[in-house]
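Using the hints, position chain B against chain A.
Below, each chain spelled out in residue letters.
Number of protein chains: 2
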Amino acid sequence: MNYKVEKLKVNYKTLEEFKKFKEYGLQELSMLEDLEANIIENDSESPFYGIYFGDKLVARMSLYQVDAKFNRYFEPAKDYLELWKLEVIPDYQHKGYGTALVEFAKNKNLPIKTNPRVKSKDFWEKMGFSSVTYNVERDLGENPLLWFPEGFSEHSN
Amino acid sequence: MNYKVEKLKVNYKTLEEFKKFKEYGLQELSMLEDLEANIIENDSESPFYGIYFGDKLVARMSLYQVDAKFNRYFEPAKDYLELWKLEVIPDYQHKGYGTALVEFAKNKNLPIKTNPRVKSKDFWEKMGFSSVTYNVERDLGENPLLWFPEGFSEHSN
Numbered sequence: 001m002n003y004k005v006e007k008l009k010v011n012y013k014t015l016e017e018f019k020k021f022k023e024y025g026l027q028e029l030s031m032l033e034d035l036e037a038n039i040i041e042n043d044s045e046s047p048f049y050g051i052y053f054g055d056k057l058v059a060r061m062s063l064y065q066v067d068a069k070f071n072r073y074f075e076p077a078k079d080y081l082e083l084w085k086l087e088v089i090p091d092y093q094h095k096g097y098g099t100a101l102v103e104f105a106k107n108k109n110l111p112i113k114t115n116p117r118v119k120s121k122d123f124w125e126k127m128g129f130s131s132v133t134y135n136v137e138r139d140l141g142e143n144p145l146l147w148f149p150e151g152f153s154e155h156s157n
Numbered sequence: 001m002n003y004k005v006e007k008l009k010v011n012y013k014t015l016e017e018f019k020k021f022k023e024y025g026l027q028e029l030s031m032l033e034d035l036e037a038n039i040i041e042n043d044s045e046s047p048f049y050g051i052y053f054g055d056k057l058v059a060r061m062s063l064y065q066v067d068a069k070f071n072r073y074f075e076p077a078k079d080y081l082e083l084w085k086l087e088v089i090p091d092y093q094h095k096g097y098g099t100a101l102v103e104f105a106k107n108k109n110l111p112i113k114t115n116p117r118v119k120s121k122d123f124w125e126k127m128g129f130s131s132v133t134y135n136v137e138r139d140l141g142e143n144p145l146l147w148f149p150e151g152f153s154e155h156s157n
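Line by line, the protein sequences give chains A and B.
Every letter in the first sequence is one number past the one before it in UniProt numbering, and letter 109, counting from 1, is 109.
Every letter in the second sequence is one number past the one before it in UniProt numbering, and letter 23, counting from 1, is 23.
With the rest of the complex left out, here is chain A:
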């Protein structure tokens, strides 16, 4: 399936659509407040990417490039992508939207870290992600999963 992944702009329409997603939290609330208080402009860049079905947002994820100096997961240290809030709204699940978003992230050719909040291990395994060796000091309550681009050393701490 060939879906068009778009970088989402911060505006009232996008933020209204975000309310359909389960993982609605401080990040979205903060964007809404910043927009209302004119701290950010309408149509500002956001760390969200999404796929529309018609004019309806049906899948989204957040993607942020973490600077190598904050890297605690990959060796040698290198910028990596943190991926979170990957979610497809119920009627559109199992149609390849989630896969399309993850493939989009992989095409940036940087290692990826994610910390899925829901039970989705099978999905992430299929996408080539693997668990880290748990380290309480680093991982605390997280269940980090990592993906490595081809040719990247698969050694993680």
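Treat the hints with care, since some could be wrong.
One copy or any two copies: either way a pair holds, since identical chains are not told apart in the list.
In silico SDA-like pairs for lysine to any residue, Cα to Cα no more than 25 angstroms straight-line [as the list claims (entries may be wrong)]:
(1) K4 - E45
(2) K20 - V66
(3) K121 - A37
(4) K4 - E17
Just so you know, these hints were derived from the structure itself, not from any lab.
Then chain B, alone, in the frame of chain A:
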């Protein structure tokens, strides 16, 4: 209500009881593997605290002291406690077990950070926790909540 909060030891009984809790993840699996492989000893210390009803574990949390040098939440930088996996099993909810665990953490007189995974804002507000100003680079997909001991500067980044 006066409940006895105990530091939990890593052993097969504890790990079996952990399976009753929803937030069972890499941390628990890793403890189990380490125990099976004799990497850690039976009855090793864990970062978990819990409350028993009879010989049944009915509430638990994880608590870890984060070194001031990794502090990104409190100013001035100071050691703080990360609290996660606070959970009470269904039949024992709304009886003060969760509150007892959080009060136990507060009595250590360090600032506390938590990132609740479930919708529980009312509970945390009642416990005196407040939201941070969201910062994408620091918080990514988290919804951090902070608590400050008396006399501690309430300034956070």
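Unmet hints by their number, sorted upward, for this structure = 2
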